[in-house]
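FYI, in my numbering the residues of the sequence shown are 92 to 681.
What the hints contain is simulated information worked out from the structure, not anything from laboratory work.
No residue lacks a Cβ here, since even glycine has one placed at the ideal position from N, Cα and C.
Treat the hints with caution; some may be incorrect.
[To be verified] If you anchor each label on the Cβ, the simulated ranges turn out as follows:
#, residue 1, residue 2, range
1, V334, V401, 53 to 61 Å
2, I209, L628, 22 to 30 Å
3, F515, V266, 36 to 44 Å
4, V266, D535, 53 to 61 Å
5, L412, N457, 19 to 27 Å
6, A208, I254, 40 to 48 Å
7, S440, I205, 51 to 59 Å
8, S514, V401, 53 to 61 Å
9, W635, I205, 18 to 26 Å
10, L243, V334, 47 to 55 Å
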Amino acid sequence: MEASSTSLKKIKFGKLKVVRRRLLQRYEHQPFISCLAGFYSCRWKRYQRRRTEPGKCCCKTRECVFFPLLVGAFCFSLVFLYMWGEAKNDYNNFDWYNYGNLGFWFLWSLVLLIVAAILFMYITLLLVLAMCLLAEGQQLYLHWSHKIGTFLVLGFSITAIFILSVLWGDQWKTVRLSFQITAPYLHIGAITIMVLLSWPMALHAIRADKKVVQVIIVGPYLAILLFLFLIPLGMYSPCIREVGTLGPKPALIGHRGAPMLAPENTEMSFQKTIEHGADGLETDVTISYDGVPFLMHDSTLSRTTNIKEVYPNDTAQNAALFSWDALKELNAGEWFLKDKPFSCMGSLSRADRNQAMNQSVYKLSNFLRLADSQNKLVIFDLYRPPEKHPYRNSWINRTLEVILNESGIRPHLVLWLENDMRSFVQSVAPGFQQTVGSKAPVEDLLMDNIVKLNLAYTEMSSEDIRKYAEANITTNLYVINEPWLFSLAWCSGAHSVTTNAVHTLKNLNQPLFLMTPRQYNIMWILTDLASVLLISLIFALHWWRERSFSCCAHEGDPMLESGTYNKFRTGEWVRRGQELDPAWGSFHGA
Numbered sequence: 092m093e094a095s096s097t098s099l100k101k102i103k104f105g106k107l108k109v110v111r112r113r114l115l116q117r118y119e120h121q122p123f124i125s126c127l128a129g130f131y132s133c134r135w136k137r138y139q140r141r142r143t144e145p146g147k148c149c150c151k152t153r154e155c156v157f158f159p160l161l162v163g164a165f166c167f168s169l170v171f172l173y174m175w176g177e178a179k180n181d182y183n184n185f186d187w188y189n190y191g192n193l194g195f196w197f198l199w200s201l202v203l204l205i206v207a208a209i210l211f212m213y214i215t216l217l218l219v220l221a222m223c224l225l226a227e228g229q230q231l232y233l234h235w236s237h238k239i240g241t242f243l244v245l246g247f248s249i250t251a252i253f254i255l256s257v258l259w260g261d262q263w264k265t266v267r268l269s270f271q272i273t274a275p276y277l278h279i280g281a282i283t284i285m286v287l288l289s290w291p292m293a294l295h296a297i298r299a300d301k302k303v304v305q306v307i308i309v310g311p312y313l314a315i316l317l318f319l320f321l322i323p324l325g326m327y328s329p330c331i332r333e334v335g336t337l338g339p340k341p342a343l344i345g346h347r348g349a350p351m352l353a354p355e356n357t358e359m360s361f362q363k364t365i366e367h368g369a370d371g372l373e374t375d376v377t378i379s380y381d382g383v384p385f386l387m388h389d390s391t392l393s394r395t396t397n398i399k400e401v402y403p404n405d406t407a408q409n410a411a412l413f414s415w416d417a418l419k420e421l422n423a424g425e426w427f428l429k430d431k432p433f434s435c436m437g438s439l440s441r442a443d444r445n446q447a448m449n450q451s452v453y454k455l456s457n458f459l460r461l462a463d464s465q466n467k468l469v470i471f472d473l474y475r476p477p478e479k480h481p482y483r484n485s486w487i488n489r490t491l492e493v494i495l496n497e498s499g500i501r502p503h504l505v506l507w508l509e510n511d512m513r514s515f516v517q518s519v520a521p522g523f524q525q526t527v528g529s530k531a532p533v534e535d536l537l538m539d540n541i542v543k544l545n546l547a548y549t550e551m552s553s554e555d556i557r558k559y560a561e562a563n564i565t566t567n568l569y570v571i572n573e574p575w576l577f578s579l580a581w582c583s584g585a586h587s588v589t590t591n592a593v594h595t596l597k598n599l600n601q602p603l604f605l606m607t608p609r610q611y612n613i614m615w616i617l618t619d620l621a622s623v624l625l626i627s628l629i630f631a632l633h634w635w636r637e638r639s640f641s642c643c644a645h646e647g648d649p650m651l652e653s654g655t656y657n658k659f660r661t662g663e664w665v666r667r668g669q670e671l672d673p674a675w676g677s678f679h680g681a
């Protein structure tokens, strides 16, 4: 009995040793490492690669200097890609700006997004390869072609960020707003990346033979990790709110109608807006040379009409200098089928294509009659005619005459936005809803009988919206096309938004991101705790393995030569190869 129990203990002890040995063994995954080193360093042969010895640096001095540039290129390309990705709401403005400078229409915004995505994926691949090589204990050596590519990505990203910041600085406000929606997900993603990075970080920190080196490796890592842990404490989002406190969905006002479905500022465009259930219509009003208000956004007719074919010598002339008889001859829809104004547009049906091809310049009076018949609010930008125009000084009077006498629209449907002669307008048309395009003290707004603010979405503030609402002043935000931005406006309490995408936003039944404070606290606390546990286990595993390697090396364990990789199978196959062909062994470094 004693002999059998002793043998049983030996068997169990032997099994434990086998398990321990397997945990300690590090096999060289030659095909995997060959691919990593090949793509990163263009070193596909085993003899071209070098392992990092315990206590030694993971790369030579030159590579140590260049690696931060690789990380910097990744960071700048990530910032630019995120910035430009969140700018999608305003791509049409960017393309319109380029049209004004270049003279032809092209979706430059989409091209820039594709380039940014490709460069980011390229630099991310290099960084992932580097992390995998470090995790496998390989020395880093970036091929010269990739170094050139890294410099190009870094230079392009910095230049693009600088140019956009100078020419389009408000875009940083969009980025700031986007964090109120994306920050919780970015936080989880960043923590996940830090957990993955802990593997090579722990390996090289524990194998370092100097405390200073360990501090240099682990110090910045822990500082970044602590910063990420504390970020949620300073985060604010109006979409993190108690149940039952969310206000009603903002009303939708079609910006120039439905410009993603039909030519902007045409009858078809406004009909599409009405079909998709919009609550209001927005447009731009210009007065012709003979005093007929019509709908046109641009100062010239080149982009949205066929003036190059009808009046080729007058393409650069101001739209207000044409008579209505001349404007009636133009087609205002064919351009829409040739030059897509939005990259996310779908294909049109045959009926819609035929209808779009037959659109003409739309009169203000007809627009107002359509809105009145469908009980829709109207808001418009009224452009003052240029100098020497017959209606240069009577533009507001002429517009009021059309609204009050020719269109027959009910006054309460008109959101009057123009500031000039506001007192006169109030006396002539007291039923208009007086609207202003900038923030002001509540007392001043009430004195001017202002009932609505029409603000750019970059001025969005839940506190201001609530303050104005308490004084019965509603807020409209423009131009909001993206669901995430509409969700943020909804959570902020906006009463209406002007949009190019009525057909998309009408289907949004609740904000994309909506969470109670308790749910959010649980989410980020569990994320932080889980990451601390995983990172601690990874560091503990590496510490235990390195300590065990040292012990086994001193004990002379034949399965763990020099405390590095198990080379039993490699040696065995080399010896077999030598028996068959002596040159085989020398070729494989035996």
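Structure versus earlier hints, numbers of those that do not hold, lowest first: 2, 4, 6, 7, 8 and 9
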